[in-house]
Structures are given as C-alpha cells and as structure tokens.
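Chains A and B are the protein sequences, given in the same order. Going by our numbering, the first residue of the first sequence is number 1, and it counts up by one from there. Going by our numbering, the first residue of the second sequence is number 1, and it counts up by one from there.
Hints are supplied without guarantee of correctness; some may be wrong.
To be verified - The calculated SDA-like cross-link candidates involving lysine to any residue, where the alpha carbons are at most 25 Å apart (straight line), are:
1. B:Lys83 / A:Ala311
2. B:Lys19 / B:His45
3. B:Lys104 / B:Glu92
4. B:Lys19 / B:Ala71
5. A:Lys61 / B:His226
6. B:Lys104 / A:Arg190
7. B:Lys83 / A:Lys19
8. B:Lys43 / B:Gln304
9. B:Lys104 / A:Ala277
10. A:Lys83 / B:Glu274
11. B:Lys43 / B:Arg331
12. A:Lys43 / B:His226
13. B:Lys19 / B:Tyr48
14. A:Lys104 / B:Glu274
15. A:Lys104 / B:Ala277
16. A:Lys104 / B:Arg103
17. B:Lys19 / B:Leu328
18. B:Lys104 / A:Asp282
19. B:Lys83 / A:Ala277
20. A:Lys61 / A:Lys104
21. B:Lys83 / B:Pro96
22. A:Lys83 / A:Ala15
23. B:Lys104 / A:Gly74
Stated by the list, open to error - Examples of chain A residues lying across from chain B (beta carbon under 7 Å, computed):
24. Leu107
25. Ala285
26. Ala287
27. Ala299
28. His307
No lab work stands behind these hints, which were simulated from the structure alone. Since we're looking at a predicted model, the values are computed, not measured. For every residue, glycine included, the Cβ atom is placed at its ideal position computed from N, Cα and C.
Protein chains: 2
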Amino acid sequence: MPVISFAELSERVEAVLRKAGFDQLHAAALTRIVCAGERDGAKSHGIYRIDGIIRTLQAGKVVPDAQPVVADDGSAVIRVDAKGGFSPAAFEAGLPHLAERARKLGLAAMVLNDCVHFSALWPEVEALTEQGLAGLSMCPSYSTVAPAGGTRPLLGTNPIAFGWPRADGVPYVFDFATSVAARGEIELKRRAGETLPDGWALDAEGQPTTDPEAALGGAMLPFGAHKGSAISTMIELLAGVMIGDLTSQGALEALGTTTLAPRHGELVLAFSPERFAAGRSDPFAQAELLFAAILGQGARLPGQSRHRIRARSLAEGISLSDDELAGLDARLLA
Amino acid sequence: MPVISFAELSERVEAVLRKAGFDQLHAAALTRIVCAGERDGAKSHGIYRIDGIIRTLQAGKVVPDAQPVVADDGSAVIRVDAKGGFSPAAFEAGLPHLAERARKLGLAAMVLNDCVHFSALWPEVEALTEQGLAGLSMCPSYSTVAPAGGTRPLLGTNPIAFGWPRADGVPYVFDFATSVAARGEIELKRRAGETLPDGWALDAEGQPTTDPEAALGGAMLPFGAHKGSAISTMIELLAGVMIGDLTSQGALEALGTTTLAPRHGELVLAFSPERFAAGRSDPFAQAELLFAAILGQGARLPGQSRHRIRARSLAEGISLSDDELAGLDARLLA
Numbered sequence: 001m002p003v004i005s006f007a008e009l010s011e012r013v014e015a016v017l018r019k020a021g022f023d024q025l026h027a028a029a030l031t032r033i034v035c036a037g038e039r040d041g042a043k044s045h046g047i048y049r050i051d052g053i054i055r056t057l058q059a060g061k062v063v064p065d066a067q068p069v070v071a072d073d074g075s076a077v078i079r080v081d082a083k084g085g086f087s088p089a090a091f092e093a094g095l096p097h098l099a100e101r102a103r104k105l106g107l108a109a110m111v112l113n114d115c116v117h118f119s120a121l122w123p124e125v126e127a128l129t130e131q132g133l134a135g136l137s138m139c140p141s142y143s144t145v146a147p148a149g150g151t152r153p154l155l156g157t158n159p160i161a162f163g164w165p166r167a168d169g170v171p172y173v174f175d176f177a178t179s180v181a182a183r184g185e186i187e188l189k190r191r192a193g194e195t196l197p198d199g200w201a202l203d204a205e206g207q208p209t210t211d212p213e214a215a216l217g218g219a220m221l222p223f224g225a226h227k228g229s230a231i232s233t234m235i236e237l238l239a240g241v242m243i244g245d246l247t248s249q250g251a252l253e254a255l256g257t258t259t260l261a262p263r264h265g266e267l268v269l270a271f272s273p274e275r276f277a278a279g280r281s282d283p284f285a286q287a288e289l290l291f292a293a294i295l296g297q298g299a300r301l302p303g304q305s306r307h308r309i310r311a312r313s314l315a316e317g318i319s320l321s322d323d324e325l326a327g328l329d330a331r332l333l334a
Numbered sequence: 001m002p003v004i005s006f007a008e009l010s011e012r013v014e015a016v017l018r019k020a021g022f023d024q025l026h027a028a029a030l031t032r033i034v035c036a037g038e039r040d041g042a043k044s045h046g047i048y049r050i051d052g053i054i055r056t057l058q059a060g061k062v063v064p065d066a067q068p069v070v071a072d073d074g075s076a077v078i079r080v081d082a083k084g085g086f087s088p089a090a091f092e093a094g095l096p097h098l099a100e101r102a103r104k105l106g107l108a109a110m111v112l113n114d115c116v117h118f119s120a121l122w123p124e125v126e127a128l129t130e131q132g133l134a135g136l137s138m139c140p141s142y143s144t145v146a147p148a149g150g151t152r153p154l155l156g157t158n159p160i161a162f163g164w165p166r167a168d169g170v171p172y173v174f175d176f177a178t179s180v181a182a183r184g185e186i187e188l189k190r191r192a193g194e195t196l197p198d199g200w201a202l203d204a205e206g207q208p209t210t211d212p213e214a215a216l217g218g219a220m221l222p223f224g225a226h227k228g229s230a231i232s233t234m235i236e237l238l239a240g241v242m243i244g245d246l247t248s249q250g251a252l253e254a255l256g257t258t259t260l261a262p263r264h265g266e267l268v269l270a271f272s273p274e275r276f277a278a279g280r281s282d283p284f285a286q287a288e289l290l291f292a293a294i295l296g297q298g299a300r301l302p303g304q305s306r307h308r309i310r311a312r313s314l315a316e317g318i319s320l321s322d323d324e325l326a327g328l329d330a331r332l333l334a
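In isolation and in its complexed conformation, chain A is listed as follows (with noise of 0.2 Å):
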C-alpha cells in the first residue's frame, strides 16, 4: 500500500476541501479532524468522511465559509454560534474562551449551536488535554435508537467523550455512542450476511431482531439497558434541549435523511484539575495510580490503540489505499 506522511496528507485533503468550495477557515479546521483520524487509525472518521462532507455542502445543507461567532459574557458558559458550518472551526474558536475560563473559574462549558456535525469527539476532548484540562463532551444525533422499553427511533446514538491529562502526552480519552453498536456494524453485518447478537436492535413492528436488514428499518437499542438509555436522554436535554439547539429527532425531521451531516448544537465541559484539587493532593499523580491498577490487572485503557497506530503513523507515514489515495486526486482534478 502507498504511504503517504502525516504533512502531506493534511496537504492534500485541505487542497481537496479548497477544491470542494470550503474557505480557509473550514478547510483547514476540518483537515485537522480528517487526517487526525486516518493518523489514529480511526478509519471511521478519516478520509473517508470526505464524501459526506462534501454531499453535504452539495446538497446546500452546510455553509462553507461562515464565520463562527464567539459570545463571551465573562460566565461559566461560552457560545459559539456556528451560523450553519461544520462544527470544528466553530470548537476551535471558541476553545481558548473555553481553556481560560475552565482556568479562572475552575469549571466552564462551551455550547455550540447551530453546527453541522460530523466530528467524533475524541479529538475534543483530546485538545482540552493538552491545555492540562479534563473535558466531557455529548451531543445529539439522528433519532435512529429506541429508548429501552420503547419501540421506535427517538434518540440519536448520542456519543459521549471523556478525556484526562497525562504528562506523558498519551491522554485518558474515551469516546463511544450510547447505542449499543453503531449503525456502520449493523450494516456490515447485513453485508456479512451474518445476524446480530442479541439485544443489538428491534424491528419496525418493536419486536427485538438479530437480521440486520430488519434492524436497518427498525431502531437501535442504547447500550447498557435503561442505565444507557437514560444517559442518552440525558445528552438529548444537555446538548439539545439545554443550549437551545435541536434534538436529534428535530435534527432528522429538519434534515429528512440520515446520509447528511446533521445539524444540530453540542456541549463541551472543561474542568481544572488543579484548581479542584485544589491543593489537597496532586491530581494528576494520583490518576497515573489509577491508571497503573488498570493496566496492571490486564485491562486496557481507552484510546490506547489509537495513540500506538499515532505513533507509527506519525513516524511512518500513513499507509492509504491506491482507491483511497486515487480518489483524492480524483477530487483535486475534478
């Protein structure tokens, strides 16, 4: 497979997104979050979200030149208003309003309205890290998941993500859907022709199925029973209702599909160690305790395997496909 670095793949997909009609700002903001995920082996988020971003801005449905706008009252709660673009250039700008007043204040939110979505949010919550802050982030999706006793899509799959700082610069991060799976794996199972493990999805009538095509037109199941189910409900009323922004039922019913990026709000909360701990021990000693019991049992720590891939990649290169590496010059010379 063709090996491309980390510099020049950032080159190439920000000269693709300049292509598709992005300004400077969104391109090279939402570069950042593409070639993060292909670097982390994340292939989920990586290039290959370059199409939907750019069907996105094709079906008119994203603004590719606005301008994120900082409100900064001197609260616990900044807003950025994303006036309909992609999300990260908005989290960006309203990042150090967020870093500075977690500092002061020892807690601070950052709420992101009116963008459009299509970030994990590990790479969040990850840039909170580096500023030595602990960060929790959530927002709304696609109604596509059934509360648990329920029958219908209502919630979205709801991602959650959580990240704390280690000097050693590999961060605590977790980031996963409240869903039990993601609707990517059913779909693999359906083409697998395999079925799914119990629990995973009901069918259109409500009834609990394992076939993957009757799951597709049914709904998801939250991870986790009723406890999963009810933080997902939880992210609904923080990150939709909460900052005034949409559910992720209003997001589908405003959009009427689920193959473009949604638009919808997010929230982001940023916590100081240092200024909660306050001088009663050192917190970040005291996590590498806990980190080390982990590991030393033989469990894992989220996002271990995305930093060991980083590492390679960052010394390596990054191995691409001749299709996935055609396909961007396919793009630069349309």
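Use these hints to put chain B onto chain A, whose structure you have.
Frame of chain A; chain B shown alone:
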C-alpha cells in the same frame, strides 16, 4: 401492616438518631434522606439504613457533630469540607451556594470533601431540580468492581444521578450504580439459591462466574461492558482524584471493610437551563416534548414509580412491618 405518617416517621427517626449521638444538624439531615427513601419505596435507602449509620458511628468512623465548612471563592467551584461527618448535612450547607452560583454563572460545581457517604444521590439532584436547575452527581464507593477486561476489584459501584426540573413537580431523575448489579442483588440471589445472569461477576481467580458465593468473593462487573467501565473510571477521576479525595480503592484501604459507610468525596454539577438556552427556545417546554415522545411509545421515565409511591405515602401514610416499627422503638428505648 401498621401505617405511619411521613411526619410521624420523620419525628421518630430523628429521635432515634439524636439518641444514638448525632447532633441536631446531622440527625435532621440524615432523617430527611432516610425518610425520603422510605416514603418513595426505595427500601434499600430507607430506615433499613439506620443500622449502618449507627454502626458507623459506634465504630468511631463518623463525626456525629461535624460542622461542615463551606469555602466559596466566587468561582464556579463551591467546596464543602464535611469534616468527617455524614454527607447530607454537608450537601445541605453547600446547596444554596451551588444554586446561586449556577444561576449567576450558568454552571457550577459543588465538591464535598472528607464526608462519610451513605445517601443515594437522587435526593441531591432532586433538590437542584426544585430550584429549576439540572443536576449531575457522582461519587466513588468501595472497590468491588473489576474494570472491563480486568480480573480484580478496583472500581466502586460508583453511582451517577441526573435530574431535570419539570413544571408539574415530578422531575426527570435517574440514579444508578455503574456496576451491572448492586452487591445487595447478588446477596439476594445467594440467599434464594439462584444463579447469576451471565456478565454480572468474576470469581476470585478473575474468571466469569454465575455462582453468587464465588461472585461475592470475586468482583462485580460494570454495566455496559467497556462503556460502563469507562464511565465508572471517569467517576473515580472526577469525583475522587480530581477533587483531591479518595478513589474507591483508597476508601476501602482506609477503612478496611465494606460494612461501614465509606469516607471520601462527591462531585455535584448544577446547570441553569435558562442561562444555557439563552432565549433560543424554552428548554423546559422542549424537554416535555421529549418526555412525551418517550412515554408515547410505551417506555417509562426513570423515577416515575418512586414518585407514584411518594404521592401515595404522603396521602395515605407509609406501611412498615411490625419488625421495622419495633426496631425503631427498641432504638428509642435502648
């Protein structure tokens, strides 16, 4: 079964706790929590807890007249040093500061340090909803849960609770352990001679087991596999390490037993939906649409049955067994 009014029960429980040695502050705060549990049919957090409260006192592991000290530096973080007393009085001391700060800044946190913890978390987030605020509360417990992929107890059953205010007085509230089951549920299975469902526990060698006896000598498992494990780890970090207090492992090591209430800390976040929505929409009205959609497909809202039982308890009184009433009387006469 004898029926007793909520007021009468409260009076009797408070007298029992006063007689046991708690000062007025703690006896009253503990009574509110214990009787709220009994009133709501949450028997495992009702008067059943009185024995453990008094056992912890008699073991010298709680300060019965501790004066909680609130430290409020004007930031988003309100600190309450419980001075080794039970948590409810410390929570009540900090609550007005937390609510005021959340209204002023949009978002605020309360850190409880050095408290002896026994309360369920739902009364706390419910107290925030009564002030029109959303609340999120979490704390470590004792290390009885293995991280996903691990073999030995490390994490606690680490509860998390969330509350959202509703105009009709019955807030949306969930409160659950991040272990797949409570230790008490395993104990009940043991007594009934039943086996455990798959995925509940490991034996002392770290192997999956369905034998309750082996489970009690081994480790419980988190809910939702690696996702629940990640959330439980986050709770150790945010509500243990970050606030300069003990993790579940630290709390167990410090006390050496799980039969007394643990001494550590707790984190409570309070959100002002009005501040977060900033006039974009009515968050309370939008939340009602979400709840109606959940109920409309036959699913339930968490806390519903608690509030149904509460209404009955307040209207008709609380039924206690003869043994339960005799237990209270014996404590009073002792």
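We went through each hint and held it up to the structure:
1. B:Lys83 / A:Ala311: Between lysine 83 of chain B and alanine 311 of chain A the Cα gap is close to 46 Å, so the pair fails against 25 Å, i.e. violated.
2. B:Lys19 / B:His45: Judged against 25 Å, a Cα distance of about 21 Å means the pair holds.
3. B:Lys104 / B:Glu92: holds, 19 Å
4. B:Lys19 / B:Ala71: violated, 31 Å
5. A:Lys61 / B:His226: This hinted pair is violated, its Cα atoms lying about 35 Å apart.
6. B:Lys104 / A:Arg190: The given pair, whose Cα atoms are some 51 Å apart, is violated under the 25 Å limit.
7. B:Lys83 / A:Lys19: violated, 63 Å
8. B:Lys43 / B:Gln304: OK: lysine 43 of chain B and glutamine 304 of chain B at ~16 Å, within 25 Å.
9. B:Lys104 / A:Ala277: It holds: about 23 Å lies between the C-alpha atoms, which stays within 25 Å.
10. A:Lys83 / B:Glu274: holds, 21 Å
11. B:Lys43 / B:Arg331: holds, 19 Å
12. A:Lys43 / B:His226: holds, 21 Å
13. B:Lys19 / B:Tyr48: Within the cut-off at roughly 17 Å; holds.
14. A:Lys104 / B:Glu274: Holds, because 23 Å separates the two Cα atoms, which is no more than 25 Å.
15. A:Lys104 / B:Ala277: The given pair, whose Cα atoms are some 23 Å apart, holds under the 25 Å limit.
16. A:Lys104 / B:Arg103: Distance ~18 Å between lysine 104 of chain A and arginine 103 of chain B Cα, so the pair holds.
17. B:Lys19 / B:Leu328: holds, 11 Å
18. B:Lys104 / A:Asp282: This hinted pair is violated, its Cα atoms lying about 30 Å apart.
19. B:Lys83 / A:Ala277: holds, 16 Å
20. A:Lys61 / A:Lys104: violated, 37 Å
21. B:Lys83 / B:Pro96: holds, 19 Å
22. A:Lys83 / A:Ala15: holds, 23 Å
23. B:Lys104 / A:Gly74: Roughly 10 Å between the alpha carbons, so the hint for lysine 104 of chain B and glycine 74 of chain A holds.
24. Leu107: At 4 Å from the nearest chain B Cβ, leucine 107 of chain A passes the 7 Å test, so the hint holds.
25. Ala285: violated, 9 Å
26. Ala287: Given a least distance of 5 Å, the restraint on alanine 287 of chain A holds.
27. Ala299: holds, 4 Å
28. His307: violated, 16 Å
Of the numbered hints listed earlier, those contradicted by the structure are 1, 4, 5, 6, 7, 18, 20, 25 and 28.
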